[in-house]
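Below are the chains, spelled out letter by letter.
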Amino acid sequence: MTEVDIIALLEKEMANKSIKCYVVEENRVVMEVHANDIKAGVSALLKEYKPRFVTLVATDNGLDMELMYHFSVDSKIVTLSTLVPKETNQIESITDIVPAAEFIEEEVSELFGTNFEGNPRTVNLLLPDDWATGKKPLSKPLVGSLPLPARFEIQNLLSSGSAIGIMKSATDKREQAGLPKLPPLAGTSEDSIKEFQEFIKRTGFGKRADYDWEKGKLRYR
Amino acid sequence: MDKYAFFLGCVIPLRFTSVEIAARRVFSRLDVDFIDLEDYTCCPEPVALGLADDELWMASAARTLALAEKAGKDLVILCNGCYETLIEADHILKHNDDTKNRVNELLASIGSKYEGKIKVKHFIEFLHEDVGLERIKQEVTTPVSMDLAIHYGCHLFREVDGDDPWRKPGMMRDLVEACGVRLVDYGLEKLCCGFPTSLFDREFSLKQRLLPKFKGIENTTTEAVVFACPACINQFETGQDALTRSGVELRGYPCIHILELLALVFGVPPAELSLEIHSNAVKEFAESFWG
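Chains as they are written, first to last, in our numbering: chain A, 1494 to 1714; chain B, 119 to 409.
Treat each hint with caution, since some may be false.
[To be verified] Below, computed lysine-lysine pairings styled on BS3-like, alpha-carbon distance capped at 25 Å:
1) Lys218(B) x Lys1700(A)
2) Lys188(B) x Lys1694(A)
3) Lys308(B) x Lys218(B)
4) Lys231(B) x Lys212(B)
5) Lys1694(A) x Lys333(B)
6) Lys1628(A) x Lys1661(A)
7) Lys1700(A) x Lys1687(A)
8) Lys1532(A) x Lys1543(A)
9) Lys1700(A) x Lys1674(A)
10) Lys218(B) x Lys237(B)
11) Lys218(B) x Lys231(B)
12) Lys188(B) x Lys1687(A)
13) Lys1710(A) x Lys1633(A)
14) Lys308(B) x Lys1687(A)
15) Lys401(B) x Lys1661(A)
16) Lys1687(A) x Lys231(B)
17) Lys401(B) x Lys1674(A)
18) Lys237(B) x Lys188(B)
19) Lys1543(A) x Lys1513(A)
20) Lys308(B) x Lys333(B)
21) Lys237(B) x Lys1694(A)
[As the list claims (entries may be wrong)] Ranges of calculated distance between the beta carbons of each label pair, as one might list FRET restraints:
22) Thr260(B) x Leu1635(A): 48 to 58 Å
23) Pro1640(A) x Trp284(B): 29 to 39 Å
24) Val278(B) x Ala1670(A): 26 to 36 Å
25) Ala1625(A) x Glu307(B): 52 to 62 Å
26) Pro1630(A) x Lys188(B): 55 to 65 Å
Just so you know, these hints were derived from the structure itself, not from any lab.
The beta-carbon is built from N, C-alpha and C at its ideal position, and this holds for glycine as well.
The following block holds chain A by itself, in its conformation from the complex (with noise of 0.2 Å):
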């Protein structure tokens, strides 16, 4: 069995998927999936070939847990790597195909605050009994790449045109003095606004900032 191989099978059984398989180096293959598809890669690897879980290793990147589940499959590693929003961070439990799991899971669980769910483990393994919940040592507050002071004047432009926020006061104050509601701001259209967003999608904004924009913000704001 080689690399090649092994990719070739994971690409098979995860063809519905989106999936982005490639070997490292000699022996070393990583398979990146969709945290919802974990357990579908886990699958995958259970059922052609006898894997050894070898860990689990977790990283707060400041906007998303890194989860990298390591296994030895013929003297080759194969690690499945995935990304869980720190919003939610959940991810369904590999612990019922993979009981070998359950220890660093729960390790995870407690030093990052990540939900295994599923996992059967009820009891700290690590931390003392009487550790405050929701006091995670590892966790880091959500970072991302713009500075605070621009936030919310860059989520304002890109969800009105405008930095500063309209105002009900300020348009009351431009009818009272004579003047249209709104001056003629992209904002004032919902076709001119959507067209400007879609425009900045192009520039690889949301990318680059972590510009969610089905909810119109920044992730991390």
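Since the structure of chain A is provided, determine the placement of chain B on it from the hints.
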């Protein structure tokens, strides 16, 4: 006179409506044929937003410039910050083909294009160069014979073609003096009001930037301060309150925009300018010389 498109920005129409009203009254009185630029977005602000994401900043600015080109109008900018962004973006696009090509690929997706056909002007240089001091003086009916100081605002010193940074501040002095004002110098005219740093360190912006300016002004016979920038007015007005609350003894000054001053000396009654929008005594100051 050719037609112009006014770029209002965000702060003037949504916070300092009095400046927009004054601008419309002043330009109408001067027979300037203008339209409002439609569908524009925030310039965006050149300091915090410009540093935060250069691509977002450039794309938004280029879209605005392309809107003006499509309308076939030169842009007259009413706000110092907007001027800095749009003149700088225009300069980069006119001199950097890679950036221009990249921006035009983006603009093509919305059926737009930047060609560099229009001029971007600060309203100060527009009034001084395109309208002319003599024409302005003809409209002055209620001159202000008072001692006033100027805060130019950093972005008014912005020049992109190597011109003298004092070119536009000098024009502003001429315009204020055309109102009948006796200009008072306090020696710290070029010092930033602290607004950009207030976004990062409010105390520094107040005590290391704004306070020295106030102390300099207090050593003169100044009765009010004239501005060309809405962000600077905001910093002066809110900063006066904040410094006073923190125990600093300040005389406090009305902070009036030069367009408001021009409207008043052109004979527009203070009551028609919504000057109560200012958090300090601009309306009372206006009424004191307007009668």
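Here is what the structure says about each hint:
For the given pair, Lys218(B) sits about 22 Å from Lys1700(A) by alpha-carbon distance, which is consistent with the 25 Å threshold. Between Lys188(B) and Lys1694(A), the direct Cα distance comes to roughly 22 Å. Compliance with the 25 Å bound is thereby established for this hinted pair. Of the pairs offered as hints, the one joining Lys308(B) and Lys218(B) is violated, with about 33 Å between alpha carbons and a cut-off of 25 Å exceeded. Note on Lys231(B) and Lys212(B): the hinted pairing holds, with a Cα-Cα distance of about 13 Å set against a maximum of 25 Å.
Of the pairs offered as hints, the one joining Lys1694(A) and Lys333(B) is violated, with about 47 Å between alpha carbons and a cut-off of 25 Å exceeded. At roughly 40 Å between alpha-carbon atoms, Lys1628(A) and Lys1661(A) are farther apart than 25 Å, so this suggested pair is violated. A threshold of 25 Å between alpha carbons decides the hint, and for Lys1700(A) with Lys1687(A) the separation of about 18 Å falls inside it, so the pair holds. With a CA separation close to 16 Å, the supplied pair Lys1532(A) and Lys1543(A) stays within the 25 Å bound.
Among the hinted pairs, Lys1700(A) with Lys1674(A) is inconsistent with the structure: their alpha-carbon atoms are about 35 Å apart, more than 25 Å. Distance restraint check for Lys218(B) and Lys237(B): the Cα-Cα separation of roughly 16 Å lies within the 25 Å cut-off, and the hinted pair is therefore satisfied. For the given pair, Lys218(B) sits about 10 Å from Lys231(B) by alpha-carbon distance, which is consistent with the 25 Å threshold. Between Lys188(B) and Lys1687(A) the CA atoms are separated by roughly 19 Å; this keeps the pair inside 25 Å, and the hint holds.
For the hint pairing Lys1710(A) with Lys1633(A), the CA-to-CA distance comes to about 20 Å; that is within 25 Å, so the pair holds. Distance restraint check for Lys308(B) and Lys1687(A): the Cα-Cα separation of roughly 41 Å exceeds the 25 Å cut-off, and the hinted pair is therefore not satisfied. Between the alpha carbons of Lys401(B) and Lys1661(A) the distance comes to roughly 23 Å, so the proposed pair stays at or under 25 Å and holds. A C-alpha spacing of about 18 Å is found between Lys1687(A) and Lys231(B), which places the hinted pair at or below 25 Å, so the restraint holds.
Of the supplied pair hints, the one linking Lys401(B) and Lys1674(A) holds, its CA atoms being roughly 23 Å apart against a limit of 25 Å. With a C-alpha separation of about 13 Å, the suggested pair Lys237(B) and Lys188(B) falls inside the 25 Å cut-off, and the hint holds. Between Lys1543(A) and Lys1513(A) the alpha-carbon distance is near 22 Å, which keeps this suggested pair within the 25 Å criterion. At roughly 14 Å between alpha-carbon atoms, Lys308(B) and Lys333(B) fall within 25 Å of each other, so this suggested pair holds.
Taking the CA atoms of Lys237(B) and Lys1694(A), the gap is near 28 Å; set against the 25 Å cutoff, the hint is violated. In this structure the hint that Thr260(B) and Leu1635(A) lie 48 to 58 Å apart at CB holds, the actual value being about 56 Å. Pro1640(A) and Trp284(B) have their C-beta atoms about 32 Å apart, which keeps the hinted 29 to 39 Å range intact. Hint check: Val278(B) to Ala1670(A), Cβ distance near 34 Å, so the stated range 26 to 36 Å holds.
Separated by about 56 Å at the C-beta atoms, Ala1625(A) and Glu307(B) satisfy the suggested range of 52 to 62 Å. As the Cβ distance of Pro1630(A) to Lys188(B) is approximately 57 Å, the hint placing it in 55 to 65 Å holds.
Going through the hint list in order, the structure does not satisfy hints 3, 5, 6, 9, 14 and 21.
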